[in-house]
Amino acid sequence: MTDANPTGPPVIAGQVSESAPPAAESRTKTAGPMVVEVTNAASRGSAKEPLAGRRTVTIDPVTRIEGHARVFLDLADDGSLISAGLVVNELRGFERILVGMEADRMPLITARICGVCPSAHHLAASKAIEAAAGVTPPPAAKLLRELLYMGHYIHSHSLSLFVLQGPDLILGLDADPAIRNVVGVVEAAPEVAKKALRLRTLGQKINEMVGGRGVHPVTSLAGGIAFRLDEEKKRILTDWVEEALALGPELIGVARDKLLQQVEAHPELLRDWVVPAWNMGTVNDGKASLYDGTLRVMDEVGTVRDEFQAADYDRHLVESVLDWSYMKPVHYRETGSGEERLYRVGALARINCVDSMGTPVADQLLAGFRRDFGRPAHQVVLHAYARIIELIYAVERAREILADPRIDGETRAEVRFTGGRGVAHVEAPRGTLIHDYRIDERGIITSANLIVATQQNYACINQSITQAAMSHVIGRADDGLLNAIEFAIRCYDPCLSCATHALGQMPLEVLVRQAGQPVRSVRREV
Amino acid sequence: MSEGDAGRSLVLCVGNDLVADDAAGCHVYERLQDSVLPPGTRVELLGLGGLSVLDHLDGEENLVLVDAVSLGAPVGTVHVLAWDDLPCVYATPVSLHGIGLREAIEVGKRLTPEAMPHRVLLVGIEGRCFDLVGRPPTPEVAAAIGPAADEVIRCLRQLNGGDIPGARTSRPQAEQRTPSTGKAQGAP
Chain G
71 MTDANPTGPP VIAGQVSESA PPAAESRTKT AGPMVVEVTN AASRGSAKEP LAGRRTVTID
131 PVTRIEGHAR VFLDLADDGS LISAGLVVNE LRGFERILVG MEADRMPLIT ARICGVCPSA
191 HHLAASKAIE AAAGVTPPPA AKLLRELLYM GHYIHSHSLS LFVLQGPDLI LGLDADPAIR
251 NVVGVVEAAP EVAKKALRLR TLGQKINEMV GGRGVHPVTS LAGGIAFRLD EEKKRILTDW
311 VEEALALGPE LIGVARDKLL QQVEAHPELL RDWVVPAWNM GTVNDGKASL YDGTLRVMDE
371 VGTVRDEFQA ADYDRHLVES VLDWSYMKPV HYRETGSGEE RLYRVGALAR INCVDSMGTP
431 VADQLLAGFR RDFGRPAHQV VLHAYARIIE LIYAVERARE ILADPRIDGE TRAEVRFTGG
491 RGVAHVEAPR GTLIHDYRID ERGIITSANL IVATQQNYAC INQSITQAAM SHVIGRADDG
551 LLNAIEFAIR CYDPCLSCAT HALGQMPLEV LVRQAGQPVR SVRREV
Chain B
-11 MSEGDAGRSL VLCVGNDLVA DDAAGCHVYE RLQDSVLPPG TRVELLGLGG LSVLDHLDGE
49 ENLVLVDAVS LGAPVGTVHV LAWDDLPCVY ATPVSLHGIG LREAIEVGKR LTPEAMPHRV
109 LLVGIEGRCF DLVGRPPTPE VAAAIGPAAD EVIRCLRQLN GGDIPGARTS RPQAEQRTPS
169 TGKAQGAP
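Those protein sequences? They're chains G and B, same order as listed. The opening residue of the first sequence carries number 71 in my numbering; numbering runs sequentially from there. The opening residue of the second sequence carries number -11 in my numbering; numbering runs sequentially from there.
Watch out, some of these pointers could steer you wrong.
To be verified - Part of the chain G face toward chain B, derived, beta carbon under 7 angstroms:
hint, residue
1, Ile167
2, Met171
3, Arg175
4, Val253
5, Val256
6, Tyr383
7, Arg385
8, His386
9, Thr536
Unchecked claim - Straight-line Cα separation of at most 25 angstroms, BS3-like style, residue types lysine-lysine; simulated pairs:
hint, chain 1, residue 1, chain 2, residue 2
10, G, Lys265, G, Lys275
11, G, Lys275, G, Lys264
12, G, Lys275, G, Lys304
13, G, Lys303, B, Lys97
14, G, Lys357, G, Lys264
15, G, Lys264, G, Lys212
16, B, Lys97, G, Lys212
17, B, Lys97, G, Lys304
18, G, Lys265, G, Lys212
It is worth saying that the hints were derived from the structure and are not from the lab. Ideal Cβ placement from N, Cα and C applies to all residues, glycine included.
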């Protein structure tokens, strides 16, 4: 993989340039600030012209998502859409550097993949190496890890709802791009913004106090967690959780109202932006569980089709390779028929899968959600609503954990590696995260595979891009509406930094596309 | 800000030490640990920039950000940019969901003005490789760590003396050509 290309000219939002279609140069790298580019592949034209005739439109890279990515829409002569997709350009080689390292470094190293889901990697790695060693951490360690994780969720979902989607929700999908950013949100609704960012900070503080460090936590390790909670810290954490609980209702009300206002202003969001996919999320006795549990799979009409342990993921989840993107999409392989199904992960999938949230306010919100939108819901715009429910769940669950007397117990168990494989998962804010390691008898990693949320959502994201293009871009004169495509992608809150990684241990399918169409596929069984 | 806060400075080093040139801020942070800094200086390491910067601000007079940048100058160039010279879309290569430091500061000015520094400088190290995990910095960036740390100390001394350092660039010895793009070459 080559280096980033920092020497290219800066690309200005809305700028029109002549270049080859992105599908043909999908491995070209782009570095630098977040920009939007409109490329006319076939003829010189203006972004203000209706998008007709064969041309390719790229949005490059997509703003307000982590990592770098590019979307392409390939249009036919009559202006109809030939193909659309998200092209991910980054290859960061993360899994390869893990091989040869000591297994007990995994929680620290993987937490530093990127700054978006560090706690998810920190905990998934801890659990996976414990699985390899055959060790179960003490109850207090599990509770402290979950508390750390609730802090991370409060931080991450607040950020997603109020900062990343905030400009769309509070200022509107068709707001002037010049002000449709976080600063615009602050100016339009300073009090809401102040409280929302305070909620984000409280989550981060909880994450930091339990995790030992701000962005990248360090306390979880093989066998448990590296400290015991003293009374002073418990008091401070309780104060923060109570403050978060006090902020919750108003912010949740604002977020929900703003979302519903956008849905009302743009009825196509509920009508056309529908991806009838299967859902996968973690449950514990049917209730929501973000740190631990079994993976439940629900089909598109709401029937629970499977429930399995993360250790069996490679019997159910099939990774494939595209020639036009570094992202490796994952499908669910149906038991028996072997058919591969499109599925989603993340907040909406989890909300669909669970029987209940298990905390009072979140369950009230879930009941309202199901009354209005049914179960399962397939409208991608409702990912934000699902995040609202999970945000209050995380705060309520944090309070429960702090009140649990088992949190005061022993936090470490002895760990010794004798060689073997360890697989474990957590529900990252963006969806199921699986870590899979093979470890030799000296405790050294011999192979690593990470399945991250965004690659599981990738096929759904590409469908949503197509739907957004059909409803908001094709035949429209206003290039400002291209934001609709970005909005559709942001509904999934994708993080791409860790979604492109070395070839793993799963069955692989190589899909060859020509002129936007698949012409050949090659499958490799491992 | 109270009188006792006068002269307090925060140096925030931003970077991911696993990722080649993106680790520049981390290496400067390490270098500063062994350096004699003006009294009242706090140095912190931040995995990423973005809104998390706001969590670290405590009403300091001065903020010096240290980060890898991609402004089009020769690799290894050390930029010193005053706040007004920061590119408006300045974001670290691995930014927090595209929320750049500039946006973060603008948010802070509006929501928590009491915590915001009066003067902000960026000491930026021009990098080239931002996508390879597990690689050391490129030789040009590695060679720029010492000069960047020296530049931070020089900035702190000037700030403590009441001066506002002007924008400047220190290009790597091997390549003294003018940067083709970016504001690095411009005076404030």
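### Message
Tell me if the straight-line CA distance from Lys275 (chain G) to Lys304 (chain G) falls inside 25 angstroms.
### Response
Between Lys275 (chain G) and Lys304 (chain G) the Cα gap is close to 13 angstroms, so the pair holds against 25 angstroms.
*Do the alpha carbons of Lys264 (chain G) and Lys212 (chain G) lie within 25 angstroms of each other, as the hint requires?*
violated, 33 angstroms
Regarding the hint that Val256 (chain G) lies at the interface with chain B, is the smallest CB-CB distance below 7 angstroms? holds, 5 angstroms
Chain B contact restraint on Val253 (chain G) - CB to CB distance below 7 angstroms: Holds. Min distance 5 angstroms.
Q. Between Lys97 (chain B) and Lys304 (chain G), does the CA-CA distance stay at or below 25 angstroms?
A. Distance of about 32 angstroms is beyond 25 angstroms: violated.
>> Against the 25 angstroms threshold, does the CA-CA distance of Lys265 (chain G) and Lys212 (chain G) hold or violate the hint?
In response: violated, 30 angstroms
*Evaluation of the interface hint that places Arg175 (chain G) against chain B, nearest CB under 7 angstroms*: With a closest approach of 12 angstroms, the Arg175 (chain G) hint is violated.
Do the numbers back the hint for His386 (chain G), that is, is its least Cβ distance to chain B under 7 angstroms?
Violated, because the Cβ-Cβ distance from His386 (chain G) to chain B comes to roughly 28 angstroms (cut-off 7 angstroms).
Would the pair Lys303 (chain G) and Lys97 (chain B) pass a check requiring their Cα atoms to be no farther apart than 25 angstroms? Judged against 25 angstroms, a Cα distance of about 31 angstroms means the pair is violated.
- Regarding the hint that Tyr383 (chain G) lies at the interface with chain B, is the smallest CB-CB distance below 7 angstroms? violated, 23 angstroms
Lys357 (chain G) and Lys264 (chain G): Cα distance at most 25 angstroms?
violated, 32 angstroms
* Below or equal to 25 angstroms on CA atoms is what counts here, so check Lys97 (chain B) against Lys212 (chain G). => Violated - the C-alpha atoms of Lys212 (chain G) and Lys97 (chain B) are around 39 angstroms apart, more than 25 angstroms.
Hints 2, 3, 6, 7, 8, 9, 13, 14, 15, 16, 17 and 18, counting from the list given before, are not met by this structure.
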